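Working from the sequences, and respecting the hints, build out all of it.
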Amino acid sequence: MAEGQHDMRQRLRLPATSLRWRCDPAVFPFETTAELLPEEIMVGQQRAVRALDFGLTVPQAGYNIFVAGPVGTGRTTYTHKKIRDLAVTRPTPPDWCYVYNFQQPDQPVAISLPSGSGARFRRDVDELIDELKDGIRKLLASEDFAARRTEALRTYEGRINAIWQELEAEARRLGFGLERTPGGIFPVPAGPSGEALSPDVVGRLTEQQREALQARARGLQEKIGEAVRQVRNLERQARDELRTLERDAVSSVAERSIEPLKESYAANPRVVDYLNGLHRDVIDHLEDFKEEEETPRLPFPLPGMGRRGDPFQRYRVNLLVDNSATTGAPVVIETNPTYYNLIGKVEYRGEFGALVTDFTMIKSGALHRANGGYLILQLKDVLMAPMSWEALKRALKSREVRIENIGEQLGLIPTATLRPEPIPLNVKVVIIGSTMFHHLLYVLDDDFRKLFKIKADFDVDMERSEVNLVQYARAIVAICSREGLLPFHRDAVARVMEYSARLAEDQEKLSARFNEVIEIIYEGSAWAQRNGAGVVRGEHVQQALEEKVFRSNRVEERIREAIQRGQLLVDIEGSKVGQVNGLAVHLLGDYAFGRPNRITARTFVGSRGVVNIEREAQLSGRIHTKGVFILGAYLGGKYAQDRPLSLSASLTFEQSYDEVEGDSASSTELYTLLSELAQVPIDQGIAVTGSVNQRGEIQPIGGVNEKVEGFYYVCKALGLTGRQGVMIPHQNVRNLMLRDEVAEAVAGGRFHIWAVRSVDEGLEILAGLPAGEPDAEGRYPEGTFNARVAKRLEELAERLRRFIPMRAREDARDQEAAPTPADVDATPSSAFDEGT
408 MAEGQHDMRQ RLRLPATSLR WRCDPAVFPF ETTAELLPEE IMVGQQRAVR ALDFGLTVPQ
468 AGYNIFVAGP VGTGRTTYTH KKIRDLAVTR PTPPDWCYVY NFQQPDQPVA ISLPSGSGAR
528 FRRDVDELID ELKDGIRKLL ASEDFAARRT EALRTYEGRI NAIWQELEAE ARRLGFGLER
588 TPGGIFPVPA GPSGEALSPD VVGRLTEQQR EALQARARGL QEKIGEAVRQ VRNLERQARD
648 ELRTLERDAV SSVAERSIEP LKESYAANPR VVDYLNGLHR DVIDHLEDFK EEEETPRLPF
708 PLPGMGRRGD PFQRYRVNLL VDNSATTGAP VVIETNPTYY NLIGKVEYRG EFGALVTDFT
768 MIKSGALHRA NGGYLILQLK DVLMAPMSWE ALKRALKSRE VRIENIGEQL GLIPTATLRP
828 EPIPLNVKVV IIGSTMFHHL LYVLDDDFRK LFKIKADFDV DMERSEVNLV QYARAIVAIC
888 SREGLLPFHR DAVARVMEYS ARLAEDQEKL SARFNEVIEI IYEGSAWAQR NGAGVVRGEH
948 VQQALEEKVF RSNRVEERIR EAIQRGQLLV DIEGSKVGQV NGLAVHLLGD YAFGRPNRIT
1008 ARTFVGSRGV VNIEREAQLS GRIHTKGVFI LGAYLGGKYA QDRPLSLSAS LTFEQSYDEV
1068 EGDSASSTEL YTLLSELAQV PIDQGIAVTG SVNQRGEIQP IGGVNEKVEG FYYVCKALGL
1128 TGRQGVMIPH QNVRNLMLRD EVAEAVAGGR FHIWAVRSVD EGLEILAGLP AGEPDAEGRY
1188 PEGTFNARVA KRLEELAERL RRFIPMRARE DARDQEAAPT PADVDATPSS AFDEGT
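My numbering applies: residue 408 is where the sequence shown begins, and numbers increase by one.
Quick caveat, the hints were computed from the structure, so don't treat them as lab data.
Note that this is a predicted model, so its numbers are computed, not measured.
Possibly wrong hints are sitting among the right ones.
[As the list claims (entries may be wrong)] For lysine-lysine, the following DSS-like pairs were computed, each having C-alpha atoms within a straight-line distance of at most 25 Å:
{"#": "1", "residue 1": "K669", "residue 2": "K540"}
{"#": "2", "residue 1": "K545", "residue 2": "K697"}
{"#": "3", "residue 1": "K862", "residue 2": "K787"}
{"#": "4", "residue 1": "K488", "residue 2": "K787"}
{"#": "5", "residue 1": "K804", "residue 2": "K787"}
{"#": "6", "residue 1": "K787", "residue 2": "K860"}
{"#": "7", "residue 1": "K800", "residue 2": "K787"}
{"#": "8", "residue 1": "K800", "residue 2": "K752"}
[Unchecked claim] Pair by pair, the computed Cβ-Cβ distance ranges are:
{"#": "9", "residue 1": "P589", "residue 2": "A553", "range": "28 to 38 Å"}
{"#": "10", "residue 1": "P445", "residue 2": "V763", "range": "21 to 31 Å"}
{"#": "11", "residue 1": "F1210", "residue 2": "R420", "range": "38 to 48 Å"}
{"#": "12", "residue 1": "V763", "residue 2": "Q637", "range": "39 to 49 Å"}
{"#": "13", "residue 1": "M791", "residue 2": "D853", "range": "13 to 23 Å"}
{"#": "14", "residue 1": "G1044", "residue 2": "V1018", "range": "11 to 21 Å"}
{"#": "15", "residue 1": "T742", "residue 2": "H846", "range": "20 to 30 Å"}
{"#": "16", "residue 1": "V465", "residue 2": "V434", "range": "35 to 45 Å"}
{"#": "17", "residue 1": "D431", "residue 2": "E1202", "range": "55 to 65 Å"}
{"#": "18", "residue 1": "Q615", "residue 2": "R654", "range": "50 to 60 Å"}
We put the CB at the ideal spot given by N, CA and C, even for glycine.
Set out below in structure tokens:
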């Protein structure tokens, strides 16, 4: 190893203390979490908490809330708890009922009643109907009413009998009797004693006698007609008087039953109007209250027989929203926000092959139940349900819930159905979704920015302060208490904090993805129980972490095995020109791991520049392609200030058969290319990760822990030499939260990590040569890495200059040998035919 390389490696090598943050258990003011009282708190989300608190207190329309953030940050749990705690302090909203509209039966009337009064109103109306049925039937069957009815009928019967007697007397005077048939009353010739004359007797009369008999019959027929008209008028008057008698009697009974109910609900004009309409309808349909005739029973029931003939169905009360059991404002969490589940629906039932409905089959939706309170929805569920998003926005904009069957909006032919009166809406809608969806809706949906003015943004991490550490511990206490877990010793809590920092990929932060942290808490308690411990210690948490990795790292082990067998070519010893070990991260569901990839470069005479083989094979993502373009810009800016950049070079990820995405290997590709140009070998025991810009500055990347660990375990499998390590961007040092084994290997000198700021620093570590700084004329010192690169580029440019004139002369000779147009025209066509 050259002295300069040794000095650079020593200067940029990271100490083991900077590879991870160690949580001191002494920072926690307890021995075990059993000493603390459980308290549900939200840790490290001050921005989201303040936004949610403010949004819940603004009553104006449009201040609905969008809770944004990744899954697992506690956004849903905290939102539910916060809203429930606030809701119990708010007034309980009214109940809502639908009743029959006696003027327009297809438009049921909505009535609002104080909380808990809806069920009482429904019960009062049911009791009223039973009372009316009983009272009216008893009245109509009573002796007093029968006597009044008989008295009224007796008067008309006497007048009718007098008319019939007078008619019969007139008929006898004229020599006729009266014969009653279904077709009417007809005169019949009669003898002196009143007996009817036979046709033979009438036939023996003279012509003059028969004409006289017919004349008297015609006169009598007119009197019969007049008598029938008088009798019918009297019968009609009798029916009207009986109907009036019944209506007056029924009205009196109904008034005695309804009047107390009207007084009880006098403060609600809509209820009073409904009761007045019910009073009039009972009188108009008093026939429904009479005793029903016994109908024969069928041997088997038919669908709908029990309800179709119910004349009292229209008097029932449909209690749509019942808040009698609600304390404070309602909190509705709709997990399946379909169109009907949101705004309600009108159901139908089949009767004799037809679909029928009535106002009692109107069902409430989540907006009805949450009216006056809070409705919590998951954005993904709303967007996946057809027409739900538009229905929700329409209700919020109009501030009313209008129940409309979806078929009315999609059907081409309108169908007869109910049009329930819309219900005024006053609800605070809280939608939970990702930050990306919030951005998309804000840009693409004009209504969204008007209706959801508050954004509660949950972050993925938080500052690692002592306050947050203690609050984190209190959150663990709450989880243990809620789930019945074993108490955690403070060294176990410290181990959980370290795991949280690794999830955050930052030594100065803690992860807010509580869902993943809770998994380790559950599993740590489970391993402690399996080991017979009464308290969860640090080793139990460590065991939970190791077992979690073991359950998911099958693919990682198979790749490592392929490297050991030589099926995947990776060199971890020696030096080679134009070859560097890059590092990639593979994400397989819940598990991410790093692995080395051999990156190679070749250069040759030409002017194509840097050719990305992955791009040519359509295996390069857009970000990776951008990174390769940056390499050409770096080469031109550094080595082609006084001469054109003339080269052809190829770059590739060896044994890569999937798409390559990201620019974290751009510095590695640059080192490979520069090594090939300078013909300087690169130490194969050092893997490289980092992005690079056009000025040669190394930029941070993601997944640094997985990349370092991935190369370490490959080196361990093939044999640690004490010279191997990983070169990372200096900005990623704070992101290091390596496993204990890797940190211990670095502390023991068996593995190394270097942090670099520029390409030149990386070259000195990898190649053992000084990079070299240009002088005033842009020339690099002889023997430096950059001088070799510049010299190689100059040689390639010179060869290209010599090659171009040679190629031009060859092209000229080819052009002279080519046939002229005249020669072509003179060539017989048969020659071309034969050639074909």
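Hints, verified against the model:
As the CA atoms of K669 and K540 are separated by approximately 19 Å, the hinted pair is consistent with the 25 Å bound. Distance hint between K545 and K697 is fulfilled; the C-alpha atoms sit about 9 Å from each other, no more than 25 Å. Using a Cα cut-off of 25 Å, the hinted pair K862 and K787 holds, with the two alpha carbons roughly 17 Å apart. For the suggested pair K488 and K787, the alpha carbons sit about 21 Å apart, so the restraint of at most 25 Å is met.
For the hint linking K804 to K787, the alpha-carbon distance of about 21 Å falls within 25 Å, and the restraint holds. For the proposed pair K787 and K860, the alpha carbon gap of about 19 Å is at most 25 Å, so the pair holds. Between K800 and K787, the direct Cα distance comes to roughly 15 Å. Compliance with the 25 Å bound is thereby established for this hinted pair. A threshold of 25 Å between alpha carbons decides the hint, and for K800 with K752 the separation of about 17 Å falls inside it, so the pair holds.
Here the CB-CB span from P589 to A553 is close to 30 Å, well matched to the stated 28 to 38 Å. Distance hint for P445 and V763: a CB-CB separation of about 55 Å, inconsistent with the stated range 21 to 31 Å. Taken as a hint, the range 38 to 48 Å holds for the pair F1210 and R420, whose Cβ atoms sit roughly 46 Å apart. In this structure the supplied range 39 to 49 Å holds for V763 paired with Q637, their Cβ-Cβ distance being about 46 Å.
Roughly 22 Å separates the CB atoms of M791 and D853, a value that falls within the hinted 13 to 23 Å. In this structure the supplied range 11 to 21 Å holds for G1044 paired with V1018, their Cβ-Cβ distance being about 19 Å. At roughly 25 Å, the beta carbons of T742 and H846 sit within the given window of 20 to 30 Å. The hinted range of 35 to 45 Å is satisfied by V465 and V434, whose Cβ atoms lie roughly 39 Å apart.
Under the hint 55 to 65 Å, the C-beta atoms of D431 and E1202, about 59 Å apart, fit the expected range. Here the CB-CB span from Q615 to R654 is close to 58 Å, well matched to the stated 50 to 60 Å.
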